[in-house]
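Listed in order, the protein sequences are those of chains G and U. In this note's numbering, each number is its position in the first sequence, counted from 1, plus 44. In this note's numbering, each number is its position in the second sequence, counted from 1, plus 44.
The hints are simulated quantities; they were obtained by calculation from the structure and are not laboratory data. Treat the hints with care, as some may be off.
Taking lysine to any residue pairs in the SDA-like style, the calculated list, with each CA pair at most 20 Å apart, reads [stated by the list, open to error]:
id, chain 1, residue 1, chain 2, residue 2
1, G, Lys158, U, Leu69
2, G, Lys158, U, Asp70
3, U, Lys158, G, Lys436
4, U, Lys487, U, Leu384
5, G, Lys158, U, Arg418
6, G, Lys309, U, Arg418
7, U, Lys158, G, Glu402
8, U, Lys309, G, Phe54
9, U, Lys309, G, Asn452
10, G, Lys487, G, Lys158
11, U, Lys266, U, Pro312
12, U, Lys430, U, Asp459
13, G, Lys436, U, Ser146
14, U, Lys430, U, Thr381
15, U, Lys158, G, Lys309
16, G, Lys158, U, Lys487
Only a predicted model underlies this, so the values are computations on that prediction, with no experimental measurement involved.
Number of protein chains: 2
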Amino acid sequence: MFARTSLSGFPEWLPEGRIIENAFLDHLRTTFELHGFSSLETRAVETVDELQRKGETSKEVYVISRLQELKEERSSKKERPLGLHFDLTVPFARYVVENAGSLAFPFRRYQIQKVWRGERPQDGRFREFIQADIDIVGDGALAFHHEVDLPLVMLEALNGLPIPAVTLLVNNRKVVQGFCEGIGITQVDEALRAIDKLDKIGREGVLAEMLENGISGERGEKLLELAGIRVSQNVKAAVTALGVENELLTQGLEELESLLEAANKRAPGRVVADLKIARGLDYYTGSVYETVLEGHEDLGSICSGGRYDSLASNGKRTYPGVGMSIGVSRLLSRVLTQELVTPSRSVPTCVLVAVNDEAHREDANDIAYALRSRGISTEVSPNSSKFGKQIKYADRRGIPFVWFRDENGVDTVKDIRSGVQVEADAQSWMPPASDLSPELVVKTD
Amino acid sequence: MFARTSLSGFPEWLPEGRIIENAFLDHLRTTFELHGFSSLETRAVETVDELQRKGETSKEVYVISRLQELKEERSSKKERPLGLHFDLTVPFARYVVENAGSLAFPFRRYQIQKVWRGERPQDGRFREFIQADIDIVGDGALAFHHEVDLPLVMLEALNGLPIPAVTLLVNNRKVVQGFCEGIGITQVDEALRAIDKLDKIGREGVLAEMLENGISGERGEKLLELAGIRVSQNVKAAVTALGVENELLTQGLEELESLLEAANKRAPGRVVADLKIARGLDYYTGSVYETVLEGHEDLGSICSGGRYDSLASNGKRTYPGVGMSIGVSRLLSRVLTQELVTPSRSVPTCVLVAVNDEAHREDANDIAYALRSRGISTEVSPNSSKFGKQIKYADRRGIPFVWFRDENGVDTVKDIRSGVQVEADAQSWMPPASDLSPELVVKTD
């Protein structure tokens, strides 16, 4: 259990947990850069106006104010109210508009940062948490193939982590919209909201809610047939069999089908068209993505996103995009609290150099510098107590090797796990590759 | 110029600047881990009580409040007021006390995070900025040698960056305190505050201020003699020549001398005992550290710290420590605005795979996946326009190589800087090592 929280909703990890977090973030970053995504960071704050540009959101915003300002008489000339960002999309949209002249489009960026929401904390829901986003944004236009490319990058990133298998669930706004139009449903948003509750309120509940919104039982039944489709290939055939014809539907099915085809080649069995996915369909305009973590379906989607025709706009220009966001802290919290992964040791240190007595500390420092110069993380014993105590110090932190120099100047290094001690030269000795840095060990039971 | 700010005091970098920032942070992290420091991150917020535990600080705190809460009638049952941390020391002290049972002491940690201060923004002073701290903390006691070890780690970290040479300036509270006692100055804090202004108000100003505080001109002159000492070795001899005797002074000189000796061995010429350094001497209890960046003395100290006998205490136990903190954003801002360093390209991408026509996009994807599987950052051209335009796309971002497959399936790769085009196999071709990732280029004029 490497997670602690002394303030509800604000998780902190012990050093062991932080090793796992860093390894996860390094892997995400490496994968994103391998695919040509540039790193970006935006400031933690936006103006409250910007945070509410799309109207009141359900995300609770934290506003910040200077403590002195609160104490002083409020001055008449107030600064613009600022709030902490609640996601990385709002600041990215603002950044794109501000810096459009310096960016090359289509612009690919990843952004891994903390975000804040003043929500009531619950299991897996935090007030401060890390998101890892990737987006591709065009200037005016963005070709469809990016909707195929991007989720495959995310899937590669997630399935490279030492966690249970991740499955990507996809749908397409055009399919659902076109299908609704094809069967004469005009209240598409209402229909989507009802479908979104399928798992909670069941078929009868969904039909009842649609009826309340003026959608006939017959049409509702038909839409539920669509929502029931869950296939990893031939989605076009499955939908066409329902006998509904509509141009937008046809276009959406072409898109969904080509996404599945690419996915079956790059990540066989890991991408599923699940046509009941409705979350975000009011916002997204093409593909929508969710994910499930095998055996942890209760976590909900750990990574979601989609295609939006207007990420940002400055009046003259519009920037369409496609993006996905990983809820890193939600995922990590599960990994840490259930110890799905543990680090092979709690410190970066590979070797502890023993100190014979304080007069010889400088000898130990020399050995340590020689080892470090070849990339071996090394500490010198903080004290010169009996060797047994120095070994215990290493053992407590999981440092695998202790280095000794005897009174004749002969160096030996001891693997304190096996007890094997061999002669060694600080200029050339290397630990086994698996001991060089802490490694992640996956729980296997 | 890779830095932009649309909100005063909250700097943001363009992708080029972010490449430099990431390279700097990676180097710091690698150096700290090489020396056995564990990574930690604490939440961004602390209770306002905690932030003001040592009394009102000069650092302006940002308090946060939920927007809904502000709008609603303030409820009688209020949440504890929270504020954003203004440094990494206060949260670390709180973390150590909270998690002492799970940490092994002496505990070595590094922490690289943003901090916030509601100050009036000025050149090099931000409201949001990154600090990089290392500290070693003991449980009850901490041996002096850590005061030698720690600044040498920082110096190694800083002088490994592609920036002008960094010099470490050191002083010791015991030397100044002991010297004052030895010459009969009892108003030590007042004397230190005056000495701290030496560069601003000159010798006469300092003497006048000391006189106001009841320190005689004779004693003031003597203290100025001490403050005038600036040597990189034999500090003990230089101070002893002033003929002042005091036990604490002797102890302090032993410490300072042994720090210089070690420094002259590990980082010759880069450490200077500068006995006029007084900042923080009211807080620190042993060694104090500052740094100067050659040619950028106007920036002030980019990295400071010292020894404190009580980082934290929970009543029963006291945790002494020694630590230093780099003002990363202040340093980076200078590097970026003066373009002291530029990246060899603006994107991680090494190869752009050209697309002959949309029907053959999947061929380009296959090539890209083959290259990426061997660690080569690769993008596929977002469009299938004329090759000239695709090459221009690569050129605009500084992507050095464009990959082509002709109608016979023959692959070639073109270095668009030299124009040289050679046959290549996606399963085995490697770029020169210097082109694999963006490299930092140091301004040489």
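So, going through the hints one by one against the coordinates:
For the proposed pair lysine 158(G) and leucine 69(U), the alpha carbon gap of about 17 Å is at most 20 Å, so the pair holds. With a CA separation close to 19 Å, the supplied pair lysine 158(G) and aspartate 70(U) stays within the 20 Å bound. Of the supplied pair hints, the one linking lysine 158(U) and lysine 436(G) is violated, its CA atoms being roughly 36 Å apart against a limit of 20 Å. Under the criterion of a C-alpha separation no larger than 20 Å, the hint pairing lysine 487(U) with leucine 384(U) is consistent with the structure, at around 5 Å.
Between lysine 158(G) and arginine 418(U), the direct Cα distance comes to roughly 31 Å. Violation of the 20 Å bound is thereby established for this hinted pair. Taking the CA atoms of lysine 309(G) and arginine 418(U), the gap is near 19 Å; set against the 20 Å cutoff, the hint holds. Distance check on the hinted pair: lysine 158(U) and glutamate 402(G) sit about 38 Å apart at the alpha-carbon level, beyond 20 Å; violated. Using a Cα cut-off of 20 Å, the hinted pair lysine 309(U) and phenylalanine 54(G) is violated, with the two alpha carbons roughly 44 Å apart.
Restraint check for lysine 309(U) and asparagine 452(G): not satisfied, since their Cα atoms lie roughly 23 Å apart, outside the 20 Å limit. Only pairs whose Cα atoms come within 20 Å are accepted, and lysine 487(G) paired with lysine 158(G) is rejected, the gap being roughly 28 Å. For the given pair, lysine 266(U) sits about 30 Å from proline 312(U) by alpha-carbon distance, which is inconsistent with the 20 Å threshold. Between lysine 430(U) and aspartate 459(U) the alpha-carbon distance is near 18 Å, which keeps this suggested pair within the 20 Å criterion.
For the hint linking lysine 436(G) to serine 146(U), the alpha-carbon distance of about 16 Å falls within 20 Å, and the restraint holds. For the hint pairing lysine 430(U) with threonine 381(U), the CA-to-CA distance comes to about 37 Å; that exceeds 20 Å, so the pair is violated. Proposed proximity of lysine 158(U) and lysine 309(G) is contradicted: the alpha carbons are some 42 Å apart, above 20 Å. Between lysine 158(G) and lysine 487(U), the direct Cα distance comes to roughly 34 Å. Violation of the 20 Å bound is thereby established for this hinted pair.
Figure legend: structure checked against the earlier numbered hints; hints not met, in rising order: 3, 5, 7, 8, 9, 10, 11, 14, 15, 16.
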